[in-house]
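Student: The chain contents come next:
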Amino acid sequence: MSECSLSRRALLAGAAATPLLGGTARAEDEQMVIATWGGDYANLLRANVDEPLVAPLHIKVVQDLGDEDPRVAKMYAQRRLPRGADDVVCVQAVRAYELEASGLLEKLDATKVPNMAHVVPNLRTDFYAPHIYSPQVIIYNPDKIKEPPKTFSDLLDPKYKGRVGVGDVNYFYIMMAAALATSGDVTKVDTADAKALAMKLNANGLRLYPSTDSIGAGIKSGEIDVGIMWMARVVMWQNAGIPVKAAFQTEGSVLYMSGMVVPKNAPNKPAAYKYLNAMLEAPAQRAFAEKMGYLPTVDNSPLSGKISDQLAMPQPAPKLFMPDYSIVGKLQTDTSEWWKKNMQRS
Amino acid sequence: MSRLSLDRLEKRYGDTVAVGSVSLDIAEGELVVLLGPSGCGKTTTLRMVAGFIDATAGDVRLDGASILALPPHRREMGLVFQSYALFPHLTVARNIAFGLEMRGTPRPARDARVAEMLRLTRLESLADRLPRNLSGGQQQRVALARALAINPRVLLLDEPLSNLDAALRADVGRDIRLLQRASGLTTIMVTHDQDEAMAMADRLVVMKDGFVQQTGTQEEVYERPATPFVAGFIGRANMLGGALSDGIFAVEDTTLHLAGRYAATGPATLALRPERLSLGPPGPAVPGSVAGTVELASYLGAIREHLVRIGPDRRIVVRDATAGPARLHHAGESVAVRWGVDAERLFDAAEMPLMDLNPPGWSVKPGHSRLDAIQQQQ
Amino acid sequence: MDAAGERRQGAAAATFLAPATLVVMVMLMAPLLLLLRFSLNRYDRTELMIETVTGANYLRFFSDPFYIGVMRTTLAVAALSTLLCLLLGLPLAYRLARMQSRWKTACMLGIVLPLFIGSTVRMVGWMILFAHGGVIDAVARWFNGRGMEVMYTSFAVIAGIVSINLPFVVLTIQSTIETIDTRLEEAAGSLGAPPARMFWRIVWPLALPGTATAGILCFILAMNAYATPYLLGGPRFQMMAPLLYWEFSTNNNWPFASALALLLMTTTLLMTACANWIIPARYRA
Numbered sequence: 001m002s003e004c005s006l007s008r009r010a011l012l013a014g015a016a017a018t019p020l021l022g023g024t025a026r027a028e029d030e031q032m033v034i035a036t037w038g039g040d041y042a043n044l045l046r047a048n049v050d051e052p053l054v055a056p057l058h059i060k061v062v063q064d065l066g067d068e069d070p071r072v073a074k075m076y077a078q079r080r081l082p083r084g085a086d087d088v089v090c091v092q093a094v095r096a097y098e099l100e101a102s103g104l105l106e107k108l109d110a111t112k113v114p115n116m117a118h119v120v121p122n123l124r125t126d127f128y129a130p131h132i133y134s135p136q137v138i139i140y141n142p143d144k145i146k147e148p149p150k151t152f153s154d155l156l157d158p159k160y161k162g163r164v165g166v167g168d169v170n171y172f173y174i175m176m177a178a179a180l181a182t183s184g185d186v187t188k189v190d191t192a193d194a195k196a197l198a199m200k201l202n203a204n205g206l207r208l209y210p211s212t213d214s215i216g217a218g219i220k221s222g223e224i225d226v227g228i229m230w231m232a233r234v235v236m237w238q239n240a241g242i243p244v245k246a247a248f249q250t251e252g253s254v255l256y257m258s259g260m261v262v263p264k265n266a267p268n269k270p271a272a273y274k275y276l277n278a279m280l281e282a283p284a285q286r287a288f289a290e291k292m293g294y295l296p297t298v299d300n301s302p303l304s305g306k307i308s309d310q311l312a313m314p315q316p317a318p319k320l321f322m323p324d325y326s327i328v329g330k331l332q333t334d335t336s337e338w339w340k341k342n343m344q345r346s
Numbered sequence: 001m002s003r004l005s006l007d008r009l010e011k012r013y014g015d016t017v018a019v020g021s022v023s024l025d026i027a028e029g030e031l032v033v034l035l036g037p038s039g040c041g042k043t044t045t046l047r048m049v050a051g052f053i054d055a056t057a058g059d060v061r062l063d064g065a066s067i068l069a070l071p072p073h074r075r076e077m078g079l080v081f082q083s084y085a086l087f088p089h090l091t092v093a094r095n096i097a098f099g100l101e102m103r104g105t106p107r108p109a110r111d112a113r114v115a116e117m118l119r120l121t122r123l124e125s126l127a128d129r130l131p132r133n134l135s136g137g138q139q140q141r142v143a144l145a146r147a148l149a150i151n152p153r154v155l156l157l158d159e160p161l162s163n164l165d166a167a168l169r170a171d172v173g174r175d176i177r178l179l180q181r182a183s184g185l186t187t188i189m190v191t192h193d194q195d196e197a198m199a200m201a202d203r204l205v206v207m208k209d210g211f212v213q214q215t216g217t218q219e220e221v222y223e224r225p226a227t228p229f230v231a232g233f234i235g236r237a238n239m240l241g242g243a244l245s246d247g248i249f250a251v252e253d254t255t256l257h258l259a260g261r262y263a264a265t266g267p268a269t270l271a272l273r274p275e276r277l278s279l280g281p282p283g284p285a286v287p288g289s290v291a292g293t294v295e296l297a298s299y300l301g302a303i304r305e306h307l308v309r310i311g312p313d314r315r316i317v318v319r320d321a322t323a324g325p326a327r328l329h330h331a332g333e334s335v336a337v338r339w340g341v342d343a344e345r346l347f348d349a350a351e352m353p354l355m356d357l358n359p360p361g362w363s364v365k366p367g368h369s370r371l372d373a374i375q376q377q378q
Numbered sequence: 001m002d003a004a005g006e007r008r009q010g011a012a013a014a015t016f017l018a019p020a021t022l023v024v025m026v027m028l029m030a031p032l033l034l035l036l037r038f039s040l041n042r043y044d045r046t047e048l049m050i051e052t053v054t055g056a057n058y059l060r061f062f063s064d065p066f067y068i069g070v071m072r073t074t075l076a077v078a079a080l081s082t083l084l085c086l087l088l089g090l091p092l093a094y095r096l097a098r099m100q101s102r103w104k105t106a107c108m109l110g111i112v113l114p115l116f117i118g119s120t121v122r123m124v125g126w127m128i129l130f131a132h133g134g135v136i137d138a139v140a141r142w143f144n145g146r147g148m149e150v151m152y153t154s155f156a157v158i159a160g161i162v163s164i165n166l167p168f169v170v171l172t173i174q175s176t177i178e179t180i181d182t183r184l185e186e187a188a189g190s191l192g193a194p195p196a197r198m199f200w201r202i203v204w205p206l207a208l209p210g211t212a213t214a215g216i217l218c219f220i221l222a223m224n225a226y227a228t229p230y231l232l233g234g235p236r237f238q239m240m241a242p243l244l245y246w247e248f249s250t251n252n253n254w255p256f257a258s259a260l261a262l263l264l265m266t267t268t269l270l271m272t273a274c275a276n277w278i279i280p281a282r283y284r285a
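Taken in order, these protein sequences are the chains called A, B and C. The first sequence lines up with residues 1 to 346 when you count with this note's numbering. The second sequence lines up with residues 1 to 378 when you count with this note's numbering. The third sequence lines up with residues 1 to 285 when you count with this note's numbering.
Check each hint, because a few of them may be wrong.
[Unchecked claim] Some chain C residues judged to face chain A by a derived CB distance under 7 Å, without partners named:
1. T21
2. P235
3. R236
4. S249
5. T250
[As the list claims (entries may be wrong)] Lysine to aspartate or glutamate pairs mimicking EDC-like chemistry, simulated, CA-CA at most 20 Å apart:
6. K220/A to D44/C
7. K74/A to D64/C
8. K330/A to E149/C
9. K341/A to D324/A
10. K161/A to E149/C
11. K208/B to E223/B
12. K269/A to D126/A
13. K195/A to E337/A
14. K112/A to E30/A
15. K74/A to E149/C
16. K330/A to E186/C
17. K60/A to E30/A
18. K74/A to E51/C
19. K144/A to D154/A
20. K341/A to D64/C
21. K200/A to D143/A
22. K264/A to E186/C
23. K208/B to E333/B
24. K107/A to E149/C
25. K107/A to E251/A
It is worth saying that the hints were derived from the structure and are not from the lab. Please read all numbers here as calculations on a predicted model, not as lab measurements. Think of the CB as a built atom: it goes at the ideal place given N, C-alpha and C, for glycine as much as any other residue.
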């Protein structure tokens with residue numbers, strides 16, 4: 001995949017450079033770079049943040065598209081440079097905590113990002129601007145499954161043998177779900193119980209998909225009937241006509257969260273702050289909910305219409321857990337090692 | 001030993017005729033040479049016999065049985081290629097043994113046969129060499145030994161001498177001839193070199209444009225060429241185009257007095273063998289003569305060669321043996337070129353040979369002009 | 001030319017070539033040396049890489065059966081796909097080299113054309129073919145009622161690698177066979193060798209140098225395959241190139257990733273040297 005993303009990135013770098021050379025940007029515009037995922041996410045950022053909210057501030061946004069891993073690796077590689085390449089970097093929460101622990105992140109000045117005040121209190125930190133979040137749920141094909149699974153452990157049922165699929169890239173969230181199911185504590189990912197539960201799931205013919213999208217494809221083609229995914233994806237797949245529904249585990253759901261950080265050596269920090277602030281604006285937040293099914297991270301962006309039905313929580317309200325990333329962030333490397341050597345064994 | 005016959009063998013590529021209806025019977029032990037310029041179809045014919053090219057029509061029979069349906073590896077033909085086609089990764093001995101291995105000849109018999117072939121071709125000391133370390137002549141001998149080792153029913157030689165130095169050619173040709181004789185192999189050889197063909201053949205097949213012009217012994221094709229092409233291709237000939245009427249052959253302003261008598265009149269082609277012409281002092285216009293002027297005279301060792309101008313832009317070559325009584329004429333000298341019936345060959349407009357009407361008694365032994373004969377009679 | 005003049009010319013040539021040679025050497029050697037240096041460093045979660053000189057990364061590879069297993073899988077996949085490429089490529093190359101008609105150009109184009117399409121794009125084609133409910137699965141379902149799982153199997157990976165490497169193999173062998181005089185084949189035929197024996201005794205040994213080159217090329221490409229095992233093998237199929245990329249990018253463990261890269265390169269070189277050594281000297285190009 002690197003070949004593909006490398007060439008794509010090179011292309012985009014070229015495309016990004018053209019406006020500068022072509023002089024289409026207004027002379028007084030300053031420029032900033034945001035490193036982010038390609039595809040829907042980048043397009044939505046452009047349509048709902050870059051163009052309507054940031055451009056009027058005379059800031060020209062250049063997107064540096066790619067996967068999260070190379071993005072983070074690049075930050076590490078550039079850590080000693082006085083000026084890095086990116087002003088804002090999109091990462092999952094766990095990566096943000098890891099980067100913070102390594103001392104790569106700028107402390108966010110709340111006065112320069114007024115909208116931080118609206119961020120749901122238990123999502124707020126001083127180095128990470130949460131953008132979107134979504135509970136991790138059990139997903140199932142309602143055409144095939146009449147009685148949806150209620151807990152992680154239900155997936156071990158022999159009737160689901162070879163019918164359960166998860167994303168290999170989401171290994172850490174799967175392990176947090178296993179930790180929650182075994183100990184009630186999402187941070188206990190490295191316990192023998194959590195690992196044993198994951199191994200049992202593996203032994204029941206668990207299918208590992210290389211990407212998140214391929215899980216949806218697996219449900220659509222009938223390869224699997226059950227899986228573990230974010231709620232947001234369920235909404236997206238439903239909108240795409242894939243027969244899929246969400247069920248909240250009785251033990252509770254881990255919250256997946258993704259957001260933005262500012263590297264210490266960001267070349268244009270004032271622009272980065274303006275960008276974070278724009279990203280937290282209510283209309284931008286609503287757009288991401290409507291198009292991608294993620295929950296807004298701010299309290300002033302109520303949902304309405306079809307999306308509010310799709311994202312409506314069942315009654316009684318499910319338990320939702322925001323992991324303490326300062327603890328789990330330290331476990332990521334070991335967990336990935338363990339996953340590779342144990343779960344990926346066929 | 002086998003009898004090989006080609007029966008109206010034909011090869012066409014679309015509308016192009018590569019070989020047109022070749023028929024030929026080759027007796028046991030006979031060496032027949034297919035002779036002609038490049039593109040005449042001789043190699044195509046050979047390759048059809050070997051089985052590398054499928055015939056469009058006709059048949060190839062070996063001892064009466066058609067072999068046309070057999071693939072090359074079941075035709076049992078020994079083939080020597082122009083390029084020798086020695087297997088570069090095998091030693092001389094392994095090259096020679098190859099055909100025997102393919103036949104499943106047991107090791108002792110195979111070794112014995114290889115040793116015999118090495119001895120016959122005087123290659124004993126080179127048995128363990130790779131082909132690339134051999135001279136052209138040695139490679140040629142290996143190719144021959146390899147072809148002969150399998151006791152083929154027919155030996156096919158494709159321009160076997162053309163990759164050799166001129167000096168080696170005659171020797172190697174003689175060697176091949178002796179080996180072929182000794183083994184009594186029915187052989188077809190293909191060449192474009194008439195000297196080679198004359199030296200080695202039992203019988204010649206002269207080909208042009210896919211068709212056989214003439215089949216016969218060396219003497220037949222030399223003395224009685226069937227077409228102007230054969231007359232020109234076999235040996236040398238002064239070819240003159242003109243009109244024939246009553247013993248006179250007119251080439252524009254030049255008049256040649258023919259030695260023979262011919263019934264036909266009209267356009268014709270005259271072929272005169274240079275080595276059957278002689279020079280003498282200018283004299284009366286007797287039969288078998290033309291007047292001319294020496295333009296060039298060369299002493300070539302065994303022979304003398306004179307270029308004689310017989311018309312404004314018309315020259316003929318006269319060659320005679322230096323051993324004879326004649327002398328070397330000098331340039332500018334007026335001479336009469338004289339010849340006998342055996343030196344001239346006339347073809348009509350349809351390229352058919354014209355017959356001399358003189359009674360047989362008139363014809364004289366080669367080497368003497370008819371004039372001498374008349375003088376003797378007188 | 002006198003000896004002095006020759007020396008002068010040699011010196012001039014060396015002077016002209018020196019900068020280019022130097023650039024190539026630097027471009028080639030510098031990353032390798034850097035990799036070697038990195039591989040001796042120590043990984044730290046927050047500091048990323050601590051400068052030191054330790055063999056721990058290499059020790060980790062050799063002492064953990066997991067990594068040895070990945071290397072073994074990589075070698076097996078590379079060897080098997082090389083073998084398949086040669087088995088398929090040799091007859092194809094032979095037919096192509098001996099083709100006379102106007103179809104030859106068309107066939108050559110057919111072999112070369114896939115090279116114009118990126119290997120990742122071609123992998124997507126395979127994914128469609130192999131996927132659950134894809135062509136193969138559907139056909140199998142029609143026959144046995146159960147379907148056939150091809151995606152994320154070693155078969156899928158090897159098929160993918162073979163499809164990518166085959167054009168290189170065919171073109172390499174074909175160019176060698178073109179240099180073998182067809183008269184040699186005719187000579188063998190006239191000496192009584194049926195086509196199969198002729199091929200084995202004449203064409204095969206003479207095509208061996210080219211075949212070996214093709215095999216080595218294929219092996220190196222397969223050893224370093226990244227996109228194919230990633231896309232067609234899925235997360236459970238472990239080969240060295242995706243593993244070391246994962247160590248590099250997901251785990252940010254550059255020292256260990258560097259060690260893995262060097263180990264992969266060394267193994268590939270060793271295997272290549274062995275292959276060269278097996279071929280008899282007289283066949284070497």
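Student: Could you check the structure against the hints above and give me the numbers of any it violates, in ascending order?
Tutor: Violated hints: 1, 6, 7, 8, 9, 15, 16, 21, 22, 23, 24, 25; rest satisfied.
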